[in-house]
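Colleague: Residues per chain, in single letters:
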Amino acid sequence: MANERAYSSVSELYAKHVSAEEGESFVRYLDSRKLAKTLFALRNKAGLTQNELAKKTGITQSKVSKIEHAQDVTLTIGDILQFCDGLNLQLHLGLMPDGMSLVNKVKFHWNELQKHLETIQEISKGDTVMEKAARDFTVEAAHNITNGLFACLENVMPKQEQDELFTVSAPSDSKERPEDCSPETHSEQLFHQEE
Amino acid sequence: MKRCWIIQESDFFENKFSQFRKHNKGIDRLLIDNLDTYFNTLKSGLLPINIQAGFIHKEPKGIKAIDQKGGNRKGIGTPKQARLYIFPDTDTYILYLITVGDKNSQKSDIKDCVDFVTDLKKIKEADNG
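If you read the sequences in order, they're chains A and B. Per our numbering, residue 1 is the first one in the first sequence, and the count goes up by one each step. Per our numbering, residue 1001 is the first one in the second sequence, and the count goes up by one each step.
Extracted from the complex, chain B is given alone in its bound form (with noise of 0.2 Å):
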């Protein structure tokens, strides 16, 4: 039976969220059209890998980083470089979004989503025997 994918969040994503739009406004909706941009196109059947665009950028450990490009800017002018960091697990069909940040903390969002896969990789290796 075909599968479907749905998304799940880490348990820090909602306060840095949420930290983000404080000071990232308008931003924050051009990451998430290109969300479901992305979503919707995984709904409908594709491999992570086979996802080709400006706004989606490769990271470690299969994870992936979506930009703020394209979308509609009205009232926000040129928008500044955001990253919402994703990982989409293609054993349980679950797109987890881990973090969102500026480039300013790119560094240690990256540190923090890597750290977040390998512990979810290390409950999956556990659960598995």
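Extracted from the complex, chain A is given alone in its bound form (with noise of 0.2 Å):
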């Protein structure tokens, strides 16, 4: 039957199999690869087969395999862009410095979101259609990215210390009833968090 023994990813599994210096190796190998099997990923997702994307590009279907199966150095500017260009996405490129912690990609992040939603009120400005969807929108997202930590969390503490640190009510003027938790009763309890 099964071995109890579970692994998170298969650089764990290789290593417990090999020499500590193979596994160092073959990890260096695979972290090598992040940006082809991150291509392979996308390509599945786009529920498309390497001959199907090789058509919608103009690349031929050996060098879709040969992207996936290349290592990040070999792999160019223009292999990525027709590859994305296949799936109808967008290249972003970015640069950020070497070996920045993933706590760092957090704070990183949340200041481009920040940057993004000031920029849509900005220029949405004027407009009161558009004041109004930007509105909306940021409502929206200020839920969805409530519920997005709130799940994180739970994953890192009990239910009765997170009633501890945050104590949520509604305004008092609130002619809401307190179970409606729609996006937009949801914002508005937002700025009512007591200190």
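Hints are computed from structural coordinates only; laboratory data are not their basis.
To give an idea of the chain A side of the interface with chain B (calculated C-beta under 10 Å), a few residues:
1) Y7
2) S9
3) Y14
4) K34
5) L42
6) K45
7) L48
Listed next, with one range per pair, are the computed distances between beta-carbon atoms:
8) B:K1103 to A:K105: 41 to 51 Å
9) B:P1060 to A:N111: 44 to 54 Å
10) B:K1107 to A:E140: 55 to 65 Å
11) B:D1091 to A:K125: 47 to 57 Å
12) B:G1054 to A:T76: 20 to 30 Å
13) B:R1003 to A:Q114: 27 to 37 Å
Owing to the predicted nature of the structure, the values given are computational and were not obtained by experimental measurement. Beta carbons are placed, not taken as given, at the ideal position from N, Cα and C, and that holds for glycine.
Each of the two chains sits in its own frame; use the hints to bring them together as a complex.
Modeller: This is the structure:
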């Protein structure tokens, strides 16, 4: 039957079967193929075979296969652009400090989110319809981001401790029922969090 | 909450893999590289049925065979055909590594895999009452 021991990654599993040196060298190799593996996953997410993607992009099936099995340093921006074009994806290049920690990546992405939301609000100013759309979207984003954050919090903190951290109450003059958790009510509540 | 895939080995995988490595230097890395690609795609949220590649072969009972195609063949030359047999259990989000072998052992390897998955399903049914 199955062995009880569980692995969260293939490199962790492989390291168990080989010498430390061999394991480390192979992890480096797998790390050098992260982008190619991401392209493989994206093609599958789009529900396309290598042949279908080849037809859409005008490159050959063997070229698609070569890209998916390449080491990242050998990929050209042209390869990636062609590949993404067939998946209706835009290529965004970003530069980050080498070895940037996950914590700093979270902070970086939060700053980016905030900047994008402020840009949406900025460009909608003066147009009533757009202002309303920007407001609605900001409310929706606040709702979804908050939900996502609470889901993450559940993983690291028992419910009781969470309750001690946050006391969210409805505004005293609110006409909404407390159990109404529609995005609009939720966002109003956000601005009335007790300190 | 989004569930995360993990990997577990069959009781006999370790032995089989160790034997395989002795006689197939370098080919194990090609198989594991493809397994890594497959596992990362599962972790990105795709169902096994939606993952298509030349290195994945369908076998009975939802078993998949991953072969050695693609990857870095430096120092290997033309690798002989090999298969790493896996079973992605979509109920438990466990990817089972069942066995590994070459073309010569293919028939008995598939039989071992089918037996493994049959037993696994029996245990699950018993657990569910």
